[in-house]
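Read top to bottom, the protein sequences are chains A and B.
When the first sequence is numbered by our numbering, its final residue is 866 and no position is left out of the sequence of numbers.
When the second sequence is numbered by our numbering, its final residue is 530 and no position is left out of the sequence of numbers.
Check before you lean on any hint, since a few could be wrong.
[As the list claims (entries may be wrong)] Simulated crosslink set (PhoX-like; lysine-lysine; CA at most 20 Å straight-line): (1) K230(B) <-> K113(B); (2) K340(B) <-> K860(A); (3) K546(A) <-> K606(A); (4) K458(A) <-> K428(B); (5) K428(B) <-> K464(A); (6) K428(B) <-> K457(A); (7) K615(A) <-> K549(A); (8) K547(A) <-> K615(A); (9) K535(A) <-> K580(A); (10) K535(A) <-> K552(A); (11) K565(A) <-> K580(A); (12) K547(A) <-> K606(A); (13) K334(B) <-> K860(A); (14) K535(A) <-> K606(A); (15) K535(A) <-> K546(A).
Since the hints were derived computationally from the structure, they do not count as laboratory data.
One-letter residues, chain by chain:
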Amino acid sequence: MNNTETVKNSLKKRYAREKRFQLYGRMAVWTGFIFLAILLFDIITKATPAFQATEIFLDIPLDPVTLELQADTQLDEETLRAIDYAGLIKKSLRQAFPEVKKRKDKKLLYKLVSSGAEFKLRDMVINNPQLIGNKPLSLWVLADDDVDTFYKLETVTSRIKEQQIGFIDKLKQDDRIRTSFNTTFFTHSDSREPEQAGIRGALMGSFWTLLVTLLISLPVGIAAAVYLEEFAPQNKFTDFIEININNLAAVPSIVFGLLGLAVFINFFGIPRSAPLIGGLVLSLMTLPTIIISSRAALKSVPPSIKEAALGLGASHMQTVFHHVLPLAMPGILTGAIIGMAQALGETAPLLMIGMVAFIVDVPGGFLDSATVLPVQIYLWSDSPERAFTALTAATILVLLGFLAVMNAIAIYLRKHFERRW
Amino acid sequence: MNASALIFIIIGLSLISYFSGRHRASVSAKSQTLIALPKHYGYMTAIWSGLPALLLIILWAMFKPAYLHEQIIQSLPASVILQAQDQLDLYVNSINLAIENGEPVEDPIMQKAMESYQVADSNSKWILTTLVFVIGLSGIIFSLTGALTKVQARVKVEKVIRIFLMLCSAVAIVTTIGIVLSVLFEALRFFEAVSFFDFVFGTTWSPQTAIRVDQVGSSGSFGAIPLFVGTILISLIALIIAVPIGLLSAIYLSEYASAKFRAIAKPALEVLAGIPTVVYGFFAALTVAPFIRDVGQSIGLTVASESALAAGIVMGVMIIPFVSSLSDDVINAVPQAMRDGSLGLGATQSETIKQVIIPAALPGIVGGVLLAASRAIGETMIVVMAAGLSAKLTANPLEAVTTVTVQIVTLLTGDQEFDSPKTLAAFALGLMLFVTTLVLNVFALHIVRKYREQYE
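Make a model of the complete structure from these sequences and hints.
Next up, the structure:
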C-alpha cells in the first residue's frame with residue numbers, strides 16, 4: 446500500500462472528525478445562548494406575578510355612630526388621627542362575612558387584608574373629612590401577600606388556611622377581589638410586608654450613588670488618561686502607574702469594599718450606608734475601566750490633527766484640550782457609560798460599607814442612609830416569603846432594563862459619533 | 075466660619091481675581107505685546123488666589139481632629155491623664171460627645187476642657203479665615219500691579235494643570251497603596267492574636283469567639299484550609315464549565331462561523347458578562363440549586379440544598395464570555411501564514427486548529443484561563459447567595475462548602491466590634507485573596523504579553 450492509498454483510506458475518518466469538531470464548536474456557542482435564554486426566561490416568569498397586586502373590595506362604615514363621634518365634635522386632624530381604622534376594616538370584613546362567628550376564624554378573616562390598608566384609609570379620611578357620613582366608603586384595599594400569592598398563582602401553600610380559601614372563593618363570587626397593576630412596587634420603599642414593598646428607595650439610592658461615582662470617576666479618569674497618553678514621560682514612574690491601573694482592573698471587587706471600610710469609614714469617618722461612600726468606592730473601582738477606554742479613544746485621534754494644531758502655534762496643552770480631547774469625547778463617553786453600567790450592577794463592595802441596612806425612607810441626598818438596586822435584590826432574595834421572590838425577580842428586570850438602556854446609549858454613541866479616521 | 079462657607083469665599087475671591095487679572099492684561103495688551111492671552115493671566119491670578127487657600131483648608135481638615143484632641147488632653151489635670159489609657163479615652167470621648175451635642179456638663183474638669191476646646195476651635199477658625207482672605211487678596215493685588223504682564227502666564231498655568239493631571243493618574247497608585255495598607259495592617263493585627271501558621275494550615279474554621287470568658291464551646295478557631303478548599307472546588311467547577319465552552323465557541327466563531335453569525339453571536343455571548351453577579355446569585359440559589367437537588371434525589375444521591383455544584387456551574391456560565399473573548403484575541407493573533415501553510419500541506423481545518431493554531435496560541439490561552447481563574451476566586455455574590463456558610467473540609471461537589479469571599483461578607487456584615495479577631499480575620503482573608511489574585515493576574519498578563527511579542 447502506498448502513501449496515496451493510506452491517505453485516501455483515512456480521508457473518510459478525517460472528514461468525520463472535521464464534522465464532529467465543527468459540531469462541538471456550534472454546540473458550545475449554542476450552550477452559551479441556551480444558558481442566557483434559560484436565565485432570562487426564568488427571571489421573567491418569576492417576575493410577572495409581582496407586577497400585579499390583588500385588591501379586595503370593602504364597604505367601610507364611616508357613620509359618626511360607628512366612629513363614636515359626638516355631633517358637635519370638630520373634625521380636626523387630631524380627632525381623625527385617633528379613629529381606630531384597623532377596627533373599621535375589621536368591622537367591614539365582619540359585615541361582608543356575617544356567617545363567621547368563631548374567634549379563630551375571625552382572626553383568619555382579618556388576615557385577608559394587608560396591614561397597610563388602615564394607613565391608606567386614614568390618609569384618605571384625613572385628606573377628605575367629608576367622607577364621614579352615613580354612606581359607607583367603598584374602597585379597594587391591598588390584600589395580604591399570602592392571599593395575593595394564592596390568588597395570582599392559584600397554588601396552595603402552607604401559609605394559607607382552608608378557611609381563608611373559602612373566604613377568597615366567596616369574594617370571587619361577589620366580584621369583590623381583583624388584580625390590578627402594582628403601583629406600590631414603584632412608589633414605595635422597602636417594607637417587611639411584601640405587598641407594601643417597593644423599589645423607590647433603592648432606585649433613588651442607586652441614583653445618588655451613581656451620581657457621586659460619575660462626578661468623581663469621569664473627571665479624574667479623563668485627566669489620568671490625558672496625562673498618560675499625552676504628557677507622561679517615558680520613565681519608571683509612568684510604568685508603575687500603568688502596572689497599577691492594569692492590576693486594579695483585575696482586583697476582586699470585594700477588596701475595594703475592604704478598602705472603603707478601613708480607609709473611608711474607619712480612618713476618615715465618612716458615615717456608613719451613605720451614597721457618598723458607596724460612590725467613592727465604586728468610582729475607585731470604575732476608574733481603571735474609564736482610564737483604559739479613554740486612552741484608547743485618545744490614541745485613535747490621528748496625529749495629523751495634533752501636528753496641524755502644533756504647527757499653527759498652539760501649545761501642547763492647547764492642542765490636547767482644544768482638539769484631541771473633543772474629538773475623543775464620544776469614545777470616552779462610551780467607555781464611561783459602560784463603566785457606570787458596571788457600577789450600577791455592583792453589589793459586593795457595598796455590602797462591606799453598610800449599604801445592606803433595612804431602610805424605609807427614600808434617600809434625599811449624599812449623606813442619607815441608602816441602599817441600591819442590586820443590594821435590594823440581595824436582601825429580598827433572602828426573605829422567606831414567597832411574594833418576595835417575585836419582587837426580587839421584578840427588581841432584577843428593572844435593573845437589567847437600566848443596564849440595557851445604558852448599553853444601548855453606548856452603542857448608539859459609538860455608531861453615530863465615533864469617527865473612524 | 076465653617077468649611078463650606080470658606081470654600082464659597084475662596085471661589086468668590088478667585089473669580090474676582092480672574093476677572094481683575096484678565097482685565098488688567100487686556101488693558102496692557104493695547105500698549106505692549108503680551109506673552110500670553112489675557113485669559114491666561116486671569117487663570118494665573120485665580121489659581122494664585124484660590125489654590126493655596128484650598129490646600130490650606132484640606133490640610134486643616136486633616137489635622138484639626140488631632141490638634142483639638144491635643145488641646146483637650148492638655149487642659150486636663152494630671153490626675154485624669156494618669157489614668158489607664160482606655161479610661162482616659164472614655165473620658166475624652168464623653169467630653170467630645172458633650173461638645174457635639176452642646177449639652178451643659180456638671181464636672182468642672184470637663185467644663186474646663188470644653189472651654190479650652192472651644193477657645194482653640196474659634197481661634198483656629200479665625201486664623202484660617204484670615205489666611206484665606208490674605209491669600210485671596212494677595213492674588214487680586216498682584217493682578218493690579220504692573221509686574222503681572224511680565225510673567226509667562228500660560229506656561230505657569232499649564233504647569234499647574236499638568237501637575238493636576240499627574241496627580242489624577244497617581245490616584246491609581248494611591249488606591250493600590252490604600253488597599254495594601256488597609257488590608258495589611260488589619261491582617262497584621264489579626265496575626266498578633268492568631269498565629270499565621272494556625273491560620274494558613276489550620277483545618278477548622280469557626281470564627282465565633284467567646285463574648286464572656288466563661289462561655290463554652292466558642293473558643294474561635296481560624297484555620298482557613300476549609301475556605302481555601304471550598305474556593306478552589308467552586309472555581310474548578312466553574313473552569314470545567316467555562317474553559318471548554320468558552321474556548322470552543324471562540325474557535326468556532328473565529329475559524330468557522332460566517333461573518334454575519336459572528337456579528338450577532340459575539341455580542342450575544344458578551345451579554346452574559348454584562349449581567350450583574352447578584353442576578354446570577356439569585357438564579358443559582360433559587361433555580362439551579364433546587365433543580366440539582368431534585369435531580370440528585372431522583373437518582374438517589376443526597377445533594378445539599380446549597381451545593382458547591384450549583385454555585386460552580388452558574389459561576390462557570392458567568393465567565394464563559396471572559397474565556398471566549400480572551401481566547402478569541404489570541405487565536406486571531408496567530409499569523410495567517412501558519413494556517414495557510416498547514417492547509418496547503420493537506421490538513422483539514424480541524425487538524426490545522428488542533429495541531430497548529432492551538433499549540434501556537436497555547437500560552438495566550440493559558441494566560442486567559444488564569445485570568446478567568448482569578449475572577450472566579452474573587453467572585454462574591456454568586457457564592458454568598460448560593461454556597462453555604464458551614465466550613466466543611468470536603469472535595470465532594472454535592473456538599474455545601476464555603477469560600478473566602480463568603481466568609482469575608484459574613485464576618486463583616488453583622489454587628490461587630492471593629493477590633494475583635496472576628497472582623498480582623500476578614501481582613502486577613504482579604505489579604506490572602508488580594509495576594510492570590512494579584513499573583514495570578516501578574517503571571518497571566520506576563521504570559522499574554524510574552525506571547526504577543528512572539529508574533530509581532
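These are the hints, each one checked on the structure:
no.	hint	verdict
1	K230(B) <-> K113(B)	holds, 13 Å
2	K340(B) <-> K860(A)	holds, 17 Å
3	K546(A) <-> K606(A)	holds, 17 Å
4	K458(A) <-> K428(B)	holds, 16 Å
5	K428(B) <-> K464(A)	holds, 14 Å
6	K428(B) <-> K457(A)	holds, 18 Å
7	K615(A) <-> K549(A)	holds, 18 Å
8	K547(A) <-> K615(A)	holds, 18 Å
9	K535(A) <-> K580(A)	holds, 17 Å
10	K535(A) <-> K552(A)	holds, 9 Å
11	K565(A) <-> K580(A)	holds, 19 Å
12	K547(A) <-> K606(A)	holds, 15 Å
13	K334(B) <-> K860(A)	holds, 18 Å
14	K535(A) <-> K606(A)	holds, 18 Å
15	K535(A) <-> K546(A)	holds, 13 Å
Checked against the numbered hints given earlier, the structure satisfies every one of them.
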